[in-house]
Every structure is written in C-alpha cells, then in structure tokens.
Amino acid sequence: MKKTTAFIGSAAALVLVPGLALSDPDEDSLTINGDIPIVTQTDAPAHTENLSEIYSGWRFRSDETQAFQMDDFDNPGMIGVENAAVDWETVDGSAGKSCANCHGAPEEMAGVRAVYPKWNEEMGKVTTLEMEVNNCRETRMGAKTWKYTGGDMTDMVALISSVSRGMPVNVEINGPAKETWEQGKELYYTRTGQLELSCANCHEDSYGMMIRADHLSQGQINGFPTYRLKNTKLNSVHARFKGCVRDTRAQTYKPGSPEFIALELYVASRGNGLSVEGPSVRN
Amino acid sequence: MKHALIGLTAMLAASTATAESVKPTDVVFVDGAVEVSLSGVVGDPASGAEIMNKGAGNCIACHQVSALSHLAFHGEIGPPLDGVADRWSVAELRGIVANAKVMFEGSLMPSFYKTEGFVRLGDAYTGEAHGDGDVQPLLSAQQIEDVVAFLVTLKEE
Chain G
1 MKKTTAFIGS AAALVLVPGL ALSDPDEDSL TINGDIPIVT QTDAPAHTEN
51 LSEIYSGWRF RSDETQAFQM DDFDNPGMIG VENAAVDWET VDGSAGKSCA
101 NCHGAPEEMA GVRAVYPKWN EEMGKVTTLE MEVNNCRETR MGAKTWKYTG
151 GDMTDMVALI SSVSRGMPVN VEINGPAKET WEQGKELYYT RTGQLELSCA
201 NCHEDSYGMM IRADHLSQGQ INGFPTYRLK NTKLNSVHAR FKGCVRDTRA
251 QTYKPGSPEF IALELYVASR GNGLSVEGPS VRN
Chain Y
1001 MKHALIGLTA MLAASTATAE SVKPTDVVFV DGAVEVSLSG VVGDPASGAE
1051 IMNKGAGNCI ACHQVSALSH LAFHGEIGPP LDGVADRWSV AELRGIVANA
1101 KVMFEGSLMP SFYKTEGFVR LGDAYTGEAH GDGDVQPLLS AQQIEDVVAF
1151 LVTLKEE
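From first to last, the protein sequence lines stand for chains G and Y. Just so you know, the working numbering puts 72 at position 72 of the first sequence, and the rest follows in order with no gaps. For the working numbering, count along the second sequence from 1 and bump the result up by 1000.
So that you can see chain G by itself, here it is in the shape it has in the complex:
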C-alpha cells in the first residue's frame, strides 16, 4: 500500500497534471421545496474508521442533476411516490385491508426509513423496508408479496422514505444486529470479480475522483430509492448493489439475499447522520 502511494506521489511530482477541475464534492446546499433542509455533509460516525467526513451523493452531481431534487414538482421520483400513495389506500388481499387501515396516513411512517435495516425480534434477523412491506402484505393483508426490486415495491419504499426526508439516518449496529453488520463490513471490503474491486476501492479510497466520465461518490444510500436519469426509473438499493458487483465482473448476490441485507445495513450505517433523501435524483 505504501508503494502505491509512493508511485502516485512520484508521478505527480514529475508530471504536470492537466487541470481537471472536477474532483471533490461541491459546496452546494440542499433544501427541498424550500422547507426541508437536507444534511449532505457531516462528521463520519466513529464506526466508519476510514472517513472523516461523509457526503451525500447529491454533492457529487452536476448543478443540472441537483436541481431535479430541489422541488418535488421537478423530481421524477415523486411520480412513484404518488403511485404508491394510491396503493397505500387500496384494499388488497384476503384480510380486506389496505396499508392505511393499520397505519393511517403515510405521514404516520415518518422516521421509519431512517432506522432501517433493523433487527426484527419476531423473525430473529435483520430486515429491510422491502421485507417489512412484504411481511405486512403476506401476514396482515393476506395479499401476494411483491418482487423485491419491482416497481410496486420500489414506489412504496419511496413513499415511506419521502415522509422521513430531512431526518437523520440512524441505523442500529450494536446489539443483535452486530453480527449482520460485521458480515456487511466484510463484504464491503472484499475485492470481487475479475477486476478485483471492493466497494471500498471506489467509494472509500477514490471518492471525488473521475473514473472515465463518472464522478465517484462515497456510495452513500441515504438517497434511495434513487431516480436515475440513466435508466429513467426509481432504483432500489439492492438493484444498485447488484449492478456495482456485476461491474467488477463478478457473480452477483441476489436482491433480498442475506448478503445484500447485511451490506445494506453496513452501508446505511456509514451514512448515519446524513438526512434521508429518498426519492433522490442522480445520473
């Protein structure tokens, strides 16, 4: 590792680097709809040993992309939120219930997104929001479960996230969730595939730098579900994880797998203190 640094250092000393201005996160600040202040930068939590500051991915995007998220009328991810608001009120399944029958208005879910993934005592494992949605559908509504990364599911997670916007991410990593968190941490630092890249290689060691035309962020997930201009839809965390692992020329894990649940808990915890942003807009 020391040799690598020396290599880069000597090269930088000898070569006049052409001035590529883009590198670190920008200095912009985000307030949604003029009234939801979003923390896009704060001190890294103690358990994120190798970072001193944490940044929302919003800070690494262009002004044009950033603008989409500043007002809900401009945010294409809000269409998914509206779709889910209809589902929220719609009775489905053998119990004759809708989400609203038990939970009231979607706003009653404020704070939920911020603490997931979370230990579920009854199930004896860490669960994600998607798993809890399906848990409700199956056991309380008697309705068919949704596909983990399907449109209905991702829209619903976007609705539940949207009412927590501005609240600090605060997932619990101690207690019974500790083992899962440790597993997620190990996955984060494992170099996979023929390219032998870990999450950390790009998002911890190299954030702020350009990899070809992409400006690398810290890979924070406080903005999920994320509307990507690239594929013009809301993307779930596990779908993005899968894409990243695939891009290392590796055999991916499956959305909803124990590995991705653990990785989600770990990555979410690296963003403890950033605001919930979902649905965010990225490129």
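None of these hints come from the bench; they were simulated from the model. Positions of the beta carbon are idealized from the N, C-alpha and C atoms, including for glycine. Each hint should be verified, as a subset may be incorrect.
[Unchecked claim] Simulated restraints on C-beta separations: (1) Lys144/G to Glu1050/Y: 49 to 57 Å; (2) Asp1132/Y to Gly243/G: 22 to 30 Å; (3) Pro76/G to Lys1054/Y: 44 to 52 Å; (4) Gly1040/Y to Ala213/G: 30 to 38 Å; (5) Thr65/G to Val1036/Y: 47 to 55 Å; (6) Lys125/G to Ala1124/Y: 32 to 40 Å; (7) Glu49/G to Asp1026/Y: 38 to 46 Å; (8) Ala1124/Y to His47/G: 30 to 38 Å; (9) Ala1067/Y to Pro37/G: 17 to 25 Å; (10) Asn120/G to Ala1067/Y: 40 to 48 Å; (11) Ala46/G to Glu1020/Y: 50 to 58 Å; (12) Asp1026/Y to Glu53/G: 43 to 51 Å; (13) Glu1035/Y to Gly208/G: 53 to 61 Å.
[Claimed, not checked] Derived BS3-like pairs: lysine-lysine, alpha-carbon spacing no greater than 30 Å straight-line: (14) Lys118/G to Lys147/G; (15) Lys147/G to Lys230/G; (16) Lys233/G to Lys1114/Y; (17) Lys1054/Y to Lys242/G; (18) Lys125/G to Lys144/G; (19) Lys254/G to Lys1114/Y; (20) Lys242/G to Lys1155/Y; (21) Lys97/G to Lys178/G; (22) Lys118/G to Lys97/G; (23) Lys1101/Y to Lys242/G; (24) Lys254/G to Lys230/G; (25) Lys230/G to Lys178/G; (26) Lys1054/Y to Lys230/G; (27) Lys147/G to Lys125/G; (28) Lys254/G to Lys233/G; (29) Lys97/G to Lys242/G; (30) Lys144/G to Lys233/G; (31) Lys242/G to Lys147/G.
[As the list claims (entries may be wrong)] So the derived list for chain G, only partly shown, Cβ under 10 Å to chain Y, looks like this: (32) Asp152; (33) Met167; (34) Pro168; (35) Arg191; (36) Thr192; (37) Gly193; (38) Leu195; (39) Cys202; (40) Ile211.
Chain G is fixed; fit chain Y onto it per the hints.
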C-alpha cells in the same frame, strides 16, 4: 516517419505470429518486472493506443495520457502516464500491465494477465457465475505487448 515505423513493426509482428505465448500462470515476475515478452511477438503501439481507450483495457478510465488527449474523459484514479517510459523500464511496464499488484501490493489496478485466485468470478459483465470453462485473462499476451509498446513511446526527456 512514425507511420513507417508502425508499419515495419506490424510486418515484423506478422512474420513471427506463430510464437508461443507465456501462459498467465507461468509468468515470472522479478521485483514486479517481467523480462520476457509474453507473446514473443513485438508489440504494436498503434494497437496498444486503441486498447488504452476501449474494451477490457480502457486504461484511460483511470489514467490521464496527453498523447491521447483527443479521446474524452480521462480518469484520475491512477497516476498520469505522461513520461511513464522515462520512469520505468520495458520489463517493469510489462510487469505492471500484466499484474500491478505484484509490484504495488494492494493496488486498485486490475490484473490484466491473470486467470486464477478471484473471488466470485463472473461470466464477463453478466452477473452470472463464470462456470467451468477456461478463464481468459482481461487482455491477451499480444494485447499486453501492444499496450507496453505504446507506453514505451510516452517519453518526456
């Protein structure tokens, strides 16, 4: 002049194209350097320049190269390669391109001439498992030699 040289190189390459390549598992590294040509065929710098920009090479995804400034979006993750031939010998460049982790432990740079020791090796970019077939290195022996032949042209002194 340059074109004439490249043409000559290509002719030489064609005339010795039957040479046996060193297998990825048989490459001998000495302090991270590889003395012997992997393909036994002289590298073609023009082909090397192409590989710098695309496919499994795509070197400029991470490295800036002024000689390729006509191509868009050079990355910033690895060191700039201008003058790289002044800093490293041919054998060192070959070793770094073939498997940079031998010289620079923990380097982020992919190992371009390696076929074993991977975690969850996939079938290219499909996300599926690789399966039982032979693993192809990211670049062939000749492609490595072509990239090295291009890098050797990057002199400033």
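Tested hints:
{"no.": "1", "hint": "Lys144/G to Glu1050/Y: 49 to 57 Å", "result": "holds, 52 Å"}
{"no.": "2", "hint": "Asp1132/Y to Gly243/G: 22 to 30 Å", "result": "holds, 26 Å"}
{"no.": "3", "hint": "Pro76/G to Lys1054/Y: 44 to 52 Å", "result": "violated, 32 Å"}
{"no.": "4", "hint": "Gly1040/Y to Ala213/G: 30 to 38 Å", "result": "holds, 37 Å"}
{"no.": "5", "hint": "Thr65/G to Val1036/Y: 47 to 55 Å", "result": "holds, 49 Å"}
{"no.": "6", "hint": "Lys125/G to Ala1124/Y: 32 to 40 Å", "result": "holds, 34 Å"}
{"no.": "7", "hint": "Glu49/G to Asp1026/Y: 38 to 46 Å", "result": "holds, 40 Å"}
{"no.": "8", "hint": "Ala1124/Y to His47/G: 30 to 38 Å", "result": "holds, 36 Å"}
{"no.": "9", "hint": "Ala1067/Y to Pro37/G: 17 to 25 Å", "result": "violated, 48 Å"}
{"no.": "10", "hint": "Asn120/G to Ala1067/Y: 40 to 48 Å", "result": "violated, 57 Å"}
{"no.": "11", "hint": "Ala46/G to Glu1020/Y: 50 to 58 Å", "result": "holds, 56 Å"}
{"no.": "12", "hint": "Asp1026/Y to Glu53/G: 43 to 51 Å", "result": "holds, 46 Å"}
{"no.": "13", "hint": "Glu1035/Y to Gly208/G: 53 to 61 Å", "result": "violated, 38 Å"}
{"no.": "14", "hint": "Lys118/G to Lys147/G", "result": "holds, 20 Å"}
{"no.": "15", "hint": "Lys147/G to Lys230/G", "result": "holds, 22 Å"}
{"no.": "16", "hint": "Lys233/G to Lys1114/Y", "result": "violated, 37 Å"}
{"no.": "17", "hint": "Lys1054/Y to Lys242/G", "result": "holds, 23 Å"}
{"no.": "18", "hint": "Lys125/G to Lys144/G", "result": "holds, 22 Å"}
{"no.": "19", "hint": "Lys254/G to Lys1114/Y", "result": "holds, 27 Å"}
{"no.": "20", "hint": "Lys242/G to Lys1155/Y", "result": "violated, 41 Å"}
{"no.": "21", "hint": "Lys97/G to Lys178/G", "result": "violated, 35 Å"}
{"no.": "22", "hint": "Lys118/G to Lys97/G", "result": "holds, 25 Å"}
{"no.": "23", "hint": "Lys1101/Y to Lys242/G", "result": "holds, 26 Å"}
{"no.": "24", "hint": "Lys254/G to Lys230/G", "result": "holds, 22 Å"}
{"no.": "25", "hint": "Lys230/G to Lys178/G", "result": "violated, 35 Å"}
{"no.": "26", "hint": "Lys1054/Y to Lys230/G", "result": "holds, 21 Å"}
{"no.": "27", "hint": "Lys147/G to Lys125/G", "result": "holds, 20 Å"}
{"no.": "28", "hint": "Lys254/G to Lys233/G", "result": "holds, 20 Å"}
{"no.": "29", "hint": "Lys97/G to Lys242/G", "result": "violated, 33 Å"}
{"no.": "30", "hint": "Lys144/G to Lys233/G", "result": "holds, 23 Å"}
{"no.": "31", "hint": "Lys242/G to Lys147/G", "result": "holds, 15 Å"}
{"no.": "32", "hint": "Asp152", "result": "violated, 23 Å"}
{"no.": "33", "hint": "Met167", "result": "violated, 34 Å"}
{"no.": "34", "hint": "Pro168", "result": "violated, 31 Å"}
{"no.": "35", "hint": "Arg191", "result": "holds, 6 Å"}
{"no.": "36", "hint": "Thr192", "result": "holds, 5 Å"}
{"no.": "37", "hint": "Gly193", "result": "holds, 5 Å"}
{"no.": "38", "hint": "Leu195", "result": "holds, 5 Å"}
{"no.": "39", "hint": "Cys202", "result": "holds, 8 Å"}
{"no.": "40", "hint": "Ile211", "result": "holds, 5 Å"}
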